[in-house]
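Given next are the chains, with one letter for each unit.
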Amino acid sequence: MARSASGGGGEGEAALRAAGLGSKAELLEILAREDTCRHSEATQAAYADVEAPGSDTDWLEVTAAMQERVLRESGVPQARMAAALWLLRSAHALWPEDARFRQVSCWVRHNRARVGVLTPGCPAPDLRLHPIETERGASSAAGVFSATGASSAAGASAGVAAVTSVRRVCAGKPTLLVAGSFT
Amino acid sequence: MRELAPAFASLHREARAVGAQLAIVYIAEAHAADEWPINSTRCAGPGNSVLRPTSLAQRCALARRMMHALQLQESGIPVYADGLDDAFLEAYAAWPIRLFGIDRQGRLAQIAQPEQGSFRLPALREWLLEEAAKDG
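Which chain is which? The protein sequence lines are A and B, in order. First residue of the first sequence? That's 0 in numbering that gives the first Met the number 0, and the numbers climb one at a time after it. First residue of the second sequence? That's 0 in numbering that gives the first Met the number 0, and the numbers climb one at a time after it.
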């Protein structure tokens, strides 16, 4: 991970020179173009073509090719491409005090990945969860109460999300808890 | 999730038979179309129209939609939604995907980290079944 280029010099300036870019402003313009290109129909169509059965490429390769194209169209010569790609992907870490680098790219703005502080052996934090009804019925009816104190069924019919907790969900059973989303 | 989901139903059946379980917690979207869109098969799939939910009702509806998309709606796997405050996500550093093994005493026995973009489910299955075999 890149460290801060404090005082406008240091690692950030060296990375700019290695990439052949003249300034942070120029880099910000390229990052903005990269973000626009990332959202474009062409890039989204390219994403849609990968990872299907029979495809041996993934979205990360599509992204890498798109970034290289943006840099090339911005005048970066092939000889400096590796340095420029590293700079493009590290800008928010090279200048952590500069909010523009955290805002310009959606993949930085919305990246919530962290190592976290939990370690094996520590108590599982007991957080509030909302049971979801599926075709097989509501999840973990035992110990479920609605946000208003009504029963789970009454809460659901009133449009109130029922509430339970990690501890109630596990209920003393060995549990593999999978956290994820649709996308 | 799409890569892992096909194994979830059978693992849950296997776990339930020995007094263990698999449960899913639906957390903030990884690649919502209005945030960080990716149309790849591994993410939302072509034509990704999943938007960031702005209410708990929307989040719960998306959790149901996810179970349908993953063909897990009839699996019997219990599914829960994190609150809109993302308290679970934050406490567990669970974004975008994390798997946790919780033992009978409520301790985190396994915190699975991705390796080359995926998780080693066989090792987690082995842990789950071994844990279930221990005296309650």
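Just so you know, these hints were derived from the structure itself, not from any lab. Note that the Cβ used here is the ideal one computed from N, Cα and C, for glycine as well. Take these hints with a grain of salt, some might be off.
Stretch-level coverage of chain A by chain B, calculated; a stretch enters the list once three of its residues show a Cβ under 8 Å from a Cβ in chain B [stated by the list, open to error]: (1) 73-87; (2) 90-100; (3) 163-175.
From the structure, some residues in chain B lie toward chain A, with a derived Cβ separation under 8 Å [said to hold, decoys possible]: (4) R12; (5) L50; (6) Q72; (7) D102.
Over the 10 Å line for every Cβ pair with chain A, so calculated as not near, a few chain B residues [stated by the list, open to error]: (8) Q20; (9) A27; (10) A31; (11) E34; (12) R63; (13) A90; (14) Q109.
Hint by hint, which ones does this structure get wrong, listed from lowest number up? 1, 2, 4, 5, 8, 9, 10, 11, 12, 13 and 14
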